[in-house]
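Enquirer: Protein sequence lines, in the order shown, are assigned to chains A and B. The first sequence begins at 1 in this note's numbering and counts up one residue at a time. The second sequence begins at 844 in this note's numbering and counts up one residue at a time.
Calculated from the structure, these hints are not laboratory results. We put the CB at the ideal spot given by N, CA and C, even for glycine. One should not assume that every hint holds.
Capping the alpha-carbon separation at 25 Å, the derived lysine-lysine pairs in BS3-like fashion look like this [what the hints assert, rightly or not]:
#, chain 1, residue 1, chain 2, residue 2
1, A, Lys43, B, Lys910
2, A, Lys748, A, Lys778
3, A, Lys256, A, Lys180
4, A, Lys584, B, Lys979
5, B, Lys979, B, Lys990
6, A, Lys146, A, Lys362
7, A, Lys748, B, Lys950
8, B, Lys950, A, Lys43
9, A, Lys748, A, Lys673
10, A, Lys748, B, Lys947
11, A, Lys584, B, Lys950
12, A, Lys43, B, Lys947
13, A, Lys101, A, Lys87
14, A, Lys389, A, Lys362
Not everything, but these chain B residues come out facing chain A in the computed CB check (under 7 Å) [said to hold, decoys possible]:
#, residue
15, Glu854
16, Leu857
17, Glu862
18, Lys899
19, Ala926
20, Lys947
21, Pro948
22, Phe949
23, Lys951
24, Ile955
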Amino acid sequence: MNFFHNIFNKSIKEEVVTQQPSVLIEKFNSFSSVLESNNQALKILSDIEEKTTGEFIYDINYINISVENLNNNLVNLIDNLIALGGKEYESLREKFNNIQKEILNELTEKAVIPKDEFTIPFSQLDKNKASSVGSKNAQLGELRNKLNIPVPDGFAVSAWAYKYFLDSNDLQNKITNILKNVNIENYHGLEIISDNITTLILNSPVPEALSQKIIENYDYLTACNQNKLVSVRSSAIGEDTKLSFAGQYSTCLGVKKENLIESYLKVIASKFSPKAIYYYLSHEHIESGLAMSVGCVSMVNARSSGVIYTSNPVNPDDNTILINSINGLGKLLVDGSITPDQFIVSKSNYEIIDAIPAYKEKKLILIKDAGVSIREIPEANRNELSVNKDEIRKLAELALKIEEHYCCPQDIEWAIDENNNPHILQTRPLKVIRSRISKESIDTTNFTIILKSGMSACPGAGIGSVNHVKNTNGLESVPDSAVIIAEHPFPGLITVLSRASALITKVGGVASHLITIAREYRIPTIVGVNEIEKLKNDTLVTVDASNCIIYDGSIPGLADSLKPENDFDDDVAPFNILERISRKIVPINLTDSHSHDFTIENCKTIHDILRFAHQKAIEEMFSSANNLKGETIPYHLKSEIPLPVDIISIDESYHTDKKRKISNNNIHSLPFKYFWEGIEDIGWTMPPAAPDMKSFMTVMATDLTTQKRTGFTEKSYVIFSKEYMVLSLRMGYHFSTIEAMFTEIPNKNFIKLIFKEGGASFERRLRRVRLLESILTKMGFECRSKGDAFESEISYLQNDLLQNKLFALGQLTMLTKQLDMALSNDYEMETYKNEILEKIKMT
Amino acid sequence: MTQNILAIDDEPDLLRLLERIIREKTPYQISVTGNSLEVPILLEKNEFDIIITDLKMPGMDGLDILKYVRDNKRFEQVIIITAFGSLETAMEALSKGVFDYITKPFKKEQIIFTVDRAMRYQNNARESQKFSEIFKMPLDDAVEAFKTEYYKRKSV
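All chains should be built: construct the whole structure from the sequences, respecting the hints.
Expert: Shown next as structure tokens:
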């Protein structure tokens, strides 16, 4: 059952007379159990992460079993950490119980609103706060605080505040009752229900404790700002995740203090607009699970605004960025009222491949006192591009930085202010649709083309009767499988999208909210089609949205032939559940074990708990060994390398002289032996010359300020057995922890490296981390870094490969010793990297 | 000739995904049902090459469906989808003549690969059946049947 126990206990019994005191053996047994549980849990965690890539098919049973196994390992891990390190780790159990509870709630789909402050400034937000403040607010915090991206200042009114408002007015039960028997297919029925709930909300007072907090934060936000206006925006829980909820809720623009609370209520009430109710109920969301957090954001007086897609949503492999832009505020773009300028930009060099100006008759501008107003654009300027070449480049750079951070294409809203500074107003994952290589092409040459115009907004083809729709009146009479024709993509259209076979609009770009939703429903869509009047009501047509052609009559087989690949399975319940629980399991926030933030309190996910427990188990184990210093426990390594290493062998006693020194030749621990062979192969060299006095002084300063290190970091220690080692290596001005398992069974084998600090400036230390990262990645390690803290790992290796890696890691350790001092620029880094790769034979 | 698949699972999400994958990523046609008791009727009314079925279901389970196909000496090959961690039952199914089994979770490619393999197998089975029938005929009839087949294929 317990791999570590088995291997160690067996050896200990056979050798019998090890001289290790029983307390150390007991500690080591607990330590081994922590490692075993950690490894098992990490395997489950990787498995879950792999399953969320969209490549796999699984059912709820898989999720239940994985969560159960994960929990068992976590319980075991925490029990053993407490046995090893004492009661100070008791609170980790409570932390785990809380996370476990959240996971179980997700499994049973019980929505829980986390308790939090009523208001939270953007300066305190990051993406992990999404369950408290909604994704829109949380991602703005992430961009601002983690990526240094220009985002207007603001604060979030939390989901907890929303719950407080509902509870204070006893609203949730009333709302649930009203929604109980709603028929979402009946638009007028939806309107009546929507009116009832909206009236209920707008007539309920915001409790003083909450309204006071909102006003206080507003005062603080606008204190140093000439601009006293804010936008009040929805940021509902669940928004911008698998489903975009694009444009489903309201935003109030140009809001002044006097209207702030009223606007807050309006945004909350917009959760119950007919289109919003339709959207979340048609996706089988439970209304009470979608708590409405709100963002109050400093208003940007936008000269131009728009939307960036970091990939072409209908041809994601063409390596382009799509930028839509209009004059003034962005609302007219996202609600589809006007067709924007469109820029297609190369992802490789930010050059504009194509710039298509649109005829823009109007713009929305901010009124100085409050509110917004539509203004005519003078005839002469209507065809002018709304942004220039340099601005496009700047926007593209920002957009790709964001895409790189999130590792997936993004749908980004932006604005350029009157001083020509760009601001990012929102980012969310972009859904892309890949056209499929058709099984068989359909010959369309004999069919009459009615129109060939517009831009593909969702590829595919659909056959149906033409149905012109002007507004929400009569939407329920739109027949199934209709081809819907609209002047512009107005939001109410959402209620008929799911039964449309195609959508065609005259005005509007691919980035409007309704078109985003059309892609979610995978409705073949063409936008910007002139002469829609050529399409007569009730005529049977075939819409080829991939090639923007509308044919007279029915072309059987075309829809099947052009059906795009379905890259997102957001309508599959187990996928959604795993996606949600993986957010509480997989992300890691604790990376730097020497930071003050490396605490139980800051463990937000299961991965954090594992990382914390693993690190603390190693520290506790070394600390236990260190406490036995006066006794005859440690051996000392005899080596040419002038680096004192104390050895604690768990399963072997050595015959030594009084000084208890042993050489590497006599050491039985295979991982240590091979690692140290790599160290000795390079030998002790002087550190590379620091190129300037500044570096030397930095080293001296660091040396003087690092005196307060804890005991175990001052000296190098290794605890090992035949197949396992954990080595805390203090070398020069940095130290690293190297843990390795070396057995006959590849899936038990691993090497983990944690690396931190150095003598040189932070910038140079970062270069060394980058250098290590690129070399280790080349060696097949998985790496992650935060600042100058660095972790790397490789597993599932055959013996011979593992031996080579350990040897190379030993070489690398010596070759990068104090190298940070020499890394004065990126060129030096590249030079050293190539030299090192050559020496460790990795070129 | 289009080749057909019948998929059976009481779990609607899984059935929907299977249908989507087969429709979008393979040239085969697929029919689905969540009610395994309908299977005998569906088999009588239609021609399928492959049956993909979940192992554990109310009504007829995967092994019952396999038994029905084998007892009635039917042409279809059966692919069984088994739950996470039920290897033993899967092995039992293999011993009873299932074409292959796939354990959940599985990669989308895995089902495509297995289905393709089963379809190739079925094509070969049809071919060999056709030629065994020709070999059973008197020589003149056999030559005639062979010629007919030969020209049919040439014209394609």
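Enquirer: Against each hint, give a clear statement of whether it holds in the structure.
Expert: The hints, checked one at a time:
Between Lys43(A) and Lys910(B) the CA atoms are separated by roughly 38 Å; this puts the pair beyond 25 Å, and the hint is violated. Using a Cα cut-off of 25 Å, the hinted pair Lys748(A) and Lys778(A) holds, with the two alpha carbons roughly 22 Å apart. The hinted pair formed by Lys256(A) and Lys180(A) fails the criterion: a straight-line CA distance of about 37 Å is larger than 25 Å. As the CA atoms of Lys584(A) and Lys979(B) are separated by approximately 67 Å, the hinted pair breaks the 25 Å bound.
Restraint check: the Cα-Cα separation between Lys979(B) and Lys990(B) comes to about 16 Å, which is no more than 25 Å; the hinted pair holds. For the proposed pair Lys146(A) and Lys362(A), the alpha carbon gap of about 37 Å is over 25 Å, so the pair is violated. Distance check on the hinted pair: Lys748(A) and Lys950(B) sit about 24 Å apart at the alpha-carbon level, within 25 Å; holds. Simply put, Lys950(B) and Lys43(A) have alpha-carbon atoms about 18 Å apart, close enough for the 25 Å limit, and the pair holds.
Distance check on the hinted pair: Lys748(A) and Lys673(A) sit about 18 Å apart at the alpha-carbon level, within 25 Å; holds. For the hint pairing Lys748(A) with Lys947(B), the CA-to-CA distance comes to about 24 Å; that is within 25 Å, so the pair holds. For the given pair, Lys584(A) sits about 24 Å from Lys950(B) by alpha-carbon distance, which is consistent with the 25 Å threshold. Between Lys43(A) and Lys947(B), the direct Cα distance comes to roughly 17 Å. Compliance with the 25 Å bound is thereby established for this hinted pair.
A threshold of 25 Å between alpha carbons decides the hint, and for Lys101(A) with Lys87(A) the separation of about 22 Å falls inside it, so the pair holds. Distance restraint check for Lys389(A) and Lys362(A): the Cα-Cα separation of roughly 22 Å lies within the 25 Å cut-off, and the hinted pair is therefore satisfied. Satisfaction of the interface hint for Glu854(B) is found here, the shortest Cβ-Cβ separation to chain A being roughly 6 Å, below the 7 Å cut-off. Taken as an interface hint, Leu857(B) checks out: its beta carbon lies about 6 Å from the nearest beta carbon of chain A, inside 7 Å.
Violation of the interface hint for Glu862(B) is found here, the shortest Cβ-Cβ separation to chain A being roughly 11 Å, above the 7 Å cut-off. For Lys899(B), the suggested interface contact is broken, since its CB lies about 10 Å from the closest CB of chain A, more than 7 Å. At its closest, the beta carbon of Ala926(B) sits 6 Å from a beta carbon of chain A; the interface hint therefore holds under the 7 Å criterion. A cut of 7 Å between beta carbons decides the hint on Lys947(B): the least distance to chain A is about 5 Å, and the hint holds.
Proximity of Pro948(B) to chain A holds as hinted, the smallest CB-CB distance being about 3 Å (cut-off 7 Å). Using the Cβ-Cβ criterion of 7 Å, the hint placing Phe949(B) at the interface with chain A is satisfied: the shortest such distance is roughly 6 Å. Against a cut-off of 7 Å between C-beta atoms, the interface hint on Lys951(B) holds, since the closest Cβ of chain A lies about 6 Å away. For Ile955(B), the interface hint is violated, since its Cβ never comes within 7 Å of a Cβ in chain A; the closest pair sits about 11 Å apart.
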